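Undergrad: The lines below spell out each chain.
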Amino acid sequence: MNTLAIELKKLKRTGVLPLLPAVGILGAAYAFVNFLVRGDGLLRLPLAPMDVLLTQLYGVIMILNLFGVVAAACMAYNMEFKGGAVRKMYMLPVSVPGMYLCKFLLLTVLLFAAVAVENLALLKMGQSRLPQGTFEMGTLLRFAAYSFVTSMPVLSFMLLVSSRSENMWISLGIGVAGFLSGMALAPSASVLLCVHPFVLMLKPAVAMSAQPDGTVALLALVETSFFLGAGLWAAKKLRYE
Amino acid sequence: MDYIITTERLTKKYKNFTSVNNLSLHVRRGSIYGFLGPNGAGKSTTMKMLLGLTAPTRGSFTVDGKQFPRDRLAILRETGSFIEAPSFYPNLTGRENLEVIRRILGLRKNTVEDALEMVGLSEFGDRLAKKYSLGMKQRLGLAGALLGRPPILILDEPTNGLDPSGIHEIRGLVKSLPDLYDCTVLISSHMLSEIELMAEDIGILNHGRLLFEGSLDDLRQSARQAGMSDGNLEEVFLSLVERDNAARKQRAKL
Numbered sequence: 000m001n002t003l004a005i006e007l008k009k010l011k012r013t014g015v016l017p018l019l020p021a022v023g024i025l026g027a028a029y030a031f032v033n034f035l036v037r038g039d040g041l042l043r044l045p046l047a048p049m050d051v052l053l054t055q056l057y058g059v060i061m062i063l064n065l066f067g068v069v070a071a072a073c074m075a076y077n078m079e080f081k082g083g084a085v086r087k088m089y090m091l092p093v094s095v096p097g098m099y100l101c102k103f104l105l106l107t108v109l110l111f112a113a114v115a116v117e118n119l120a121l122l123k124m125g126q127s128r129l130p131q132g133t134f135e136m137g138t139l140l141r142f143a144a145y146s147f148v149t150s151m152p153v154l155s156f157m158l159l160v161s162s163r164s165e166n167m168w169i170s171l172g173i174g175v176a177g178f179l180s181g182m183a184l185a186p187s188a189s190v191l192l193c194v195h196p197f198v199l200m201l202k203p204a205v206a207m208s209a210q211p212d213g214t215v216a217l218l219a220l221v222e223t224s225f226f227l228g229a230g231l232w233a234a235k236k237l238r239y240e
Numbered sequence: 000m001d002y003i004i005t006t007e008r009l010t011k012k013y014k015n016f017t018s019v020n021n022l023s024l025h026v027r028r029g030s031i032y033g034f035l036g037p038n039g040a041g042k043s044t045t046m047k048m049l050l051g052l053t054a055p056t057r058g059s060f061t062v063d064g065k066q067f068p069r070d071r072l073a074i075l076r077e078t079g080s081f082i083e084a085p086s087f088y089p090n091l092t093g094r095e096n097l098e099v100i101r102r103i104l105g106l107r108k109n110t111v112e113d114a115l116e117m118v119g120l121s122e123f124g125d126r127l128a129k130k131y132s133l134g135m136k137q138r139l140g141l142a143g144a145l146l147g148r149p150p151i152l153i154l155d156e157p158t159n160g161l162d163p164s165g166i167h168e169i170r171g172l173v174k175s176l177p178d179l180y181d182c183t184v185l186i187s188s189h190m191l192s193e194i195e196l197m198a199e200d201i202g203i204l205n206h207g208r209l210l211f212e213g214s215l216d217d218l219r220q221s222a223r224q225a226g227m228s229d230g231n232l233e234e235v236f237l238s239l240v241e242r243d244n245a246a247r248k249q250r251a252k253l
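Note that the protein sequences, when read in sequence, are chains Y and B. Residue numbers for the first sequence follow numbering that gives the first Met the number 0, so the first one is 0 and each next one is one higher. Residue numbers for the second sequence follow numbering that gives the first Met the number 0, so the first one is 0 and each next one is one higher.
Read the hints as simulated data drawn from the structure, not as lab findings. A quick note: this is a predicted structure, and the numbers were derived from the prediction, not measured. Be a bit skeptical, because a hint or two may be false.
To be verified - For lysine-lysine, the following DSS-like pairs were computed, each having C-alpha atoms within a straight-line distance of at most 27 Å:
{"hint": "1", "chain 1": "B", "residue 1": "Lys12", "chain 2": "Y", "residue 2": "Lys236"}
{"hint": "2", "chain 1": "B", "residue 1": "Lys65", "chain 2": "Y", "residue 2": "Lys235"}
{"hint": "3", "chain 1": "Y", "residue 1": "Lys81", "chain 2": "B", "residue 2": "Lys130"}
{"hint": "4", "chain 1": "Y", "residue 1": "Lys8", "chain 2": "B", "residue 2": "Lys14"}
{"hint": "5", "chain 1": "B", "residue 1": "Lys65", "chain 2": "B", "residue 2": "Lys174"}
{"hint": "6", "chain 1": "B", "residue 1": "Lys108", "chain 2": "Y", "residue 2": "Lys8"}
{"hint": "7", "chain 1": "Y", "residue 1": "Lys236", "chain 2": "B", "residue 2": "Lys65"}
{"hint": "8", "chain 1": "Y", "residue 1": "Lys235", "chain 2": "B", "residue 2": "Lys12"}
{"hint": "9", "chain 1": "B", "residue 1": "Lys129", "chain 2": "B", "residue 2": "Lys108"}
{"hint": "10", "chain 1": "Y", "residue 1": "Lys11", "chain 2": "B", "residue 2": "Lys129"}
{"hint": "11", "chain 1": "Y", "residue 1": "Lys235", "chain 2": "B", "residue 2": "Lys14"}
{"hint": "12", "chain 1": "Y", "residue 1": "Lys11", "chain 2": "B", "residue 2": "Lys108"}
{"hint": "13", "chain 1": "Y", "residue 1": "Lys81", "chain 2": "B", "residue 2": "Lys129"}
{"hint": "14", "chain 1": "B", "residue 1": "Lys130", "chain 2": "Y", "residue 2": "Lys8"}
{"hint": "15", "chain 1": "Y", "residue 1": "Lys236", "chain 2": "B", "residue 2": "Lys108"}
Full structure from sequences and hints, please.
TA: Below is the structure:
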């Protein structure tokens, strides 16, 4: 708990704390305005109203979340490297993997907040704009959980990358490359391509149904745990020299 | 003799290069030990090994009776350190930087003000660390080491980057520490003239090997025996290093 409080204190003035909630508000505003303006047109698509509400707006929301996660992960470690503060941490009786885990937890909570805000906007839109009796709360909650779980591998992967690279631009570059390659590979039906964390995050955005894909969700959980485990293991190795 | 830090044939090798070679140090409790040597002699590497920042290739050491690596965290808990360059969070103020360290060490709140006061940074405590001058960053690094008045201080060239008055001030502070509170200081420098003004015992290192260990009086005596003027210890130090370098060259030729 003390390490968590310390990590929270360290994030002061880095912009990490307001970034993901701001992304959530932006995503919610996009969903709100888009459905107000284009709602009738979208509802004429040959899809169930809940599928329209959840899949047709998710593309942009997902891109906002993705870049929010990439930037937040890079910034969370940039402040450790910028003034060499991490070297001081190595000289103190503090668990470096514990620090890593706390950063992971903080980013997870912030991403969860962003997803929650976005889905509140979808809830409002669903209740007020979908045809009578077509809004399903269960479907919305399942899709919200699915989109959150499929976003976690990118968060876990980017935190690992940013913790290993002292130059923030390299981490950001990897994030952008991951997004672009993910965009190219996501429409493929091959399960093998799901080892790419960005492909997993993009999967709900390229699907036409709001029903979660169990295989994708399972792979997302496995990858999140794998990258988290790799990050904790790597954090044990002090890189002073 | 009551030694607080002892190393036993401590060695650090990087591929073909031996940075520290069979080093056996003995730092007396409550003393200021000057660790002297030209650049690249292995002073910083030795200090890094004592803090567990790099693992020894061979040999062992104890700090206040605690063994590395088993008691690494316990060693760090009672050792204040400043290695190479000041390390800080640029997004935090000087005071906030120390607050982070204070929380990690579980110290009382007033220790932050105490440390800021000791290094003369009290009035700049609320300025962002990234806006500090080099000298102020150096002082902040020192404040981080002094936080909570730890019984052991490991300071690697702490006056680097300071102006002459800053050097004088920090030198005075380091010198006063064992009297101010019961502590032992291991301080490195490549200038004997600086160490001479602070330390009671010195260790001279060259190419990872310990050329001399003892008190300043012992060094003066060995200078007299070697036919050198004991008034100028800088000359003694340089001749020790030069003699060792010449012997190394000779060995390399053979």
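Undergrad: Hints first: check each against the structure and report whether it holds.
TA: Checked hints:
Distance restraint check for Lys12 of chain B and Lys236 of chain Y: the Cα-Cα separation of roughly 18 Å lies within the 27 Å cut-off, and the hinted pair is therefore satisfied. A distance of roughly 21 Å separates the Cα atoms of Lys65 of chain B and Lys235 of chain Y; the hinted pair therefore holds under the 27 Å criterion. Restraint check: the Cα-Cα separation between Lys81 of chain Y and Lys130 of chain B comes to about 13 Å, which is no more than 27 Å; the hinted pair holds. The straight-line distance between the Cα atoms of Lys8 of chain Y and Lys14 of chain B is roughly 40 Å, outside the 27 Å bound, and the hint therefore fails.
Straight-line distance between C-alpha atoms of Lys65 of chain B and Lys174 of chain B comes to about 26 Å, which keeps the hinted pair within the 27 Å bound. In summary, the hint linking Lys108 of chain B to Lys8 of chain Y is supported, as the alpha carbons are separated by about 15 Å, within the 27 Å threshold. With a CA separation close to 22 Å, the supplied pair Lys236 of chain Y and Lys65 of chain B stays within the 27 Å bound. Proposed proximity of Lys235 of chain Y and Lys12 of chain B is supported: the alpha carbons are some 21 Å apart, at most 27 Å.
This hinted pair checks out: Lys129 of chain B and Lys108 of chain B have alpha carbons roughly 23 Å apart, not beyond 27 Å. For the given pair, Lys11 of chain Y sits about 14 Å from Lys129 of chain B by alpha-carbon distance, which is consistent with the 27 Å threshold. Between Lys235 of chain Y and Lys14 of chain B the CA atoms are separated by roughly 22 Å; this keeps the pair inside 27 Å, and the hint holds. Straight-line distance between C-alpha atoms of Lys11 of chain Y and Lys108 of chain B comes to about 19 Å, which keeps the hinted pair within the 27 Å bound.
Of the supplied pair hints, the one linking Lys81 of chain Y and Lys129 of chain B holds, its CA atoms being roughly 10 Å apart against a limit of 27 Å. Only pairs whose Cα atoms come within 27 Å are accepted, and Lys130 of chain B paired with Lys8 of chain Y is accepted, the gap being roughly 19 Å. Restraint check for Lys236 of chain Y and Lys108 of chain B: the C-alpha separation of about 31 Å exceeds 27 Å, so the hint is violated.
Checked against the numbered hints given earlier, this structure breaks hints 4 and 15; the rest are met.
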